[in-house]
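J.: This is what each chain is made of:
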Amino acid sequence: MTALDFSFFNWNVISGFVIKGFFFSIQLTLIAMIGGIALGTVLALMRLSGKPWLVMPAAAYVNTLRSIPLVMVILWFFLLIPLLIGRPMGAELSAIITFTVFEAAYYSEIMRAGIQSVPKGQVYAGYAVGMNYAQCMQLVVLPQAFRNMLPVLLTQTIILFQDTSLVYAIGAYDLLKGFEVAGKNFNRPVETYLVAAVVYFIICFSLSMLVRRLQQKIQIIR
Amino acid sequence: MKWDWQVFFQDTGGGQTYLEWLMSAWGWTLSVALCALVVALLVGSLMGILRTVPNKWLVLLGNSWTELFRNIPLLVQIFLWYHVIPSIFLTLRGVPSFVLVVFALGFFTSARIAEQVKAGIQTLPKGQRYAGLAVGLTLPQTYRYVLLPMAFRIVIPPLTSESMNIIKNSSVAFAVSIAELTMFAMQAQEETSRGIEIYLAVTGLYFISAFAINRIALFIENRVQVPGMIGGGK
Chain A
1 MTALDFSFFN WNVISGFVIK GFFFSIQLTL IAMIGGIALG TVLALMRLSG KPWLVMPAAA
61 YVNTLRSIPL VMVILWFFLL IPLLIGRPMG AELSAIITFT VFEAAYYSEI MRAGIQSVPK
121 GQVYAGYAVG MNYAQCMQLV VLPQAFRNML PVLLTQTIIL FQDTSLVYAI GAYDLLKGFE
181 VAGKNFNRPV ETYLVAAVVY FIICFSLSML VRRLQQKIQI IR
Chain B
1001 MKWDWQVFFQ DTGGGQTYLE WLMSAWGWTL SVALCALVVA LLVGSLMGIL RTVPNKWLVL
1061 LGNSWTELFR NIPLLVQIFL WYHVIPSIFL TLRGVPSFVL VVFALGFFTS ARIAEQVKAG
1121 IQTLPKGQRY AGLAVGLTLP QTYRYVLLPM AFRIVIPPLT SESMNIIKNS SVAFAVSIAE
1181 LTMFAMQAQE ETSRGIEIYL AVTGLYFISA FAINRIALFI ENRVQVPGMI GGGK
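Chains as they are written, first to last, in the working numbering: chain A, 1 to 222; chain B, 1001 to 1234.
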């Protein structure tokens, strides 16, 4: 067993290498979460609309993205976007677009299950008191559906945060990359990977504990 | 843009065509995924069972295992196995990276499988466990003859989707230079500049692999179903 030496880990290493990557990971997670939930809601409503010309494209979108490994999706976008817009695009921006588009597929499935968890009688009741589709969705279905799916959406966001490490494939500078570069510079890769694992664990574990508490708090008792 | 599928018959410079390389990469993807699946099923079932036994230390062990492997990104776990573990335990230095990746992916997935197995056991009515114990079976016998036969049937659908996930997640092995499909995609794209053809072929093979797993799982599900019981359908 070789001795581990963490003594090189000081504030300069953190502020010089890690913080930049940490902020990018957070930024990527937040943008992909907000964009993904927005796009996911549209996709979910399309799939539940019952009109074939809306259901089919949405289903194709979701099923295709869900059956391709995320790393391949990242590579695809990194290859295709420059071809479409005719000029190269930075790995960071490409990652943000990819994750938004990719996570929308996963979020939309959660939204769909959440909306379907609201009993049909609620929709009929809404129509019976004279609401139209939009009012019924906005005032009756979505508030309850959102409550059911909030914990799952947040859990998916934790998974999203973990998955941001996969931008490694196109060399974007995220939290993991920050640790890796620091490890290379100080010739201490073993220690930096260990610290990286601990940091990811602390973030994800405490977030999932919070989600669990929230879940118990907002549960609808039926 | 013009298609150029001829690229697959070009020589890679190493005495094989890109098509042959693609096929061997597919073989690596399937080997990593299937070996990891075996590890994940064994360890995951064990941990899932431990989380339901009436002993708080074993429950704690199962819970900690699940939380540990669920809350660290797969890529970081692969780096831990590849860079960190061999340099802490020097005896593991000679272990091929294929084996390390199989354990990384297997343990990562085992946390998810443990979660499903635990949920499967817990959906069974409590009376089944009591009935088993009441007729004089020991706890292991109750698990073996009463609880697990039903619980495993219940969890076949979620295990199917985990098996499909393992094919997808095996793509992360590119990071430690396993010559699997994603690694092939990255390198062949760079060498040939025919990225779209290469990526399409690779994506297609991922589709086929996941679909095949899905069919096999469906076949198993139909074969083992108990008529009129949960997970049995007909």
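Hints listed in this document are in silico derivations from the structure and should not be mistaken for laboratory results. Mixed in with the good hints, there may be bad ones.
Stated by the list, open to error - The calculated lysine-lysine pairs, modelled on DSBU-like cross-linking and capped at a C-alpha distance of 30 Å, are: (1) B:Lys1056 to A:Lys217; (2) A:Lys184 to A:Lys120; (3) B:Lys1126 to A:Lys217; (4) B:Lys1002 to B:Lys1056.
As the list claims (entries may be wrong) - Reference listing, derived: stretches of chain B covered by chain A, where coverage requires no fewer than 3 residues with Cβ under 8 Å from a Cβ of chain A: (5) 1079 to 1085; (6) 1127 to 1138; (7) 1173 to 1182; (8) 1199 to 1210.
The beta-carbon is built from N, C-alpha and C at its ideal position, and this holds for glycine as well.
J.: Holds or violated: are the alpha carbons of lysine 1056 of chain B and lysine 217 of chain A at most 30 Å from each other?
T.: Answer holds: lysine 1056 of chain B to lysine 217 of chain A is near 26 Å, not above 30 Å.
J.: Do three or more residues from the region 1127 to 1138 of chain B put their C-beta atoms closer than 8 Å to C-beta atoms of chain A?
T.: The restraint on the region 1127 to 1138 of chain B is violated, since only 0 of its residues have a Cβ under 8 Å from chain A and three are required.
J.: Three residues or more, CB to CB closer than 8 Å: is that satisfied between the region 1173 to 1182 of chain B and chain A?
T.: holds (count 3)
J.: Hint check: lysine 1126 of chain B vs lysine 217 of chain A, CA-CA at most 30 Å. Holds or violated?
T.: Cα-Cα ~26 Å, so holds.
J.: Establish whether the coverage given for the region 1199 to 1210 of chain B by chain A is satisfied; the threshold is a Cβ-Cβ distance below 8 Å, and no fewer than three residues must meet it.
T.: As far as the region 1199 to 1210 of chain B goes, the hint holds, because 6 residues have Cβ atoms under 8 Å from chain A.
J.: With a Cβ-Cβ cutoff of 8 Å, does the region 1079 to 1085 of chain B contain at least three residues near chain A?
T.: Holds, because 4 residues of the region 1079 to 1085 of chain B bring their Cβ atoms closer than 8 Å to Cβ atoms of chain A.
J.: Please work out if lysine 1002 of chain B and lysine 1056 of chain B have their alpha carbons no farther apart than 30 Å.
T.: violated (64 Å)
J.: Between the alpha carbons of lysine 184 of chain A and lysine 120 of chain A, is the straight-line distance 30 Å or under?
T.: violated (58 Å)
In terms of the numbered hints stated before, the structure departs from hints 2, 4 and 6, listed from lowest to highest.
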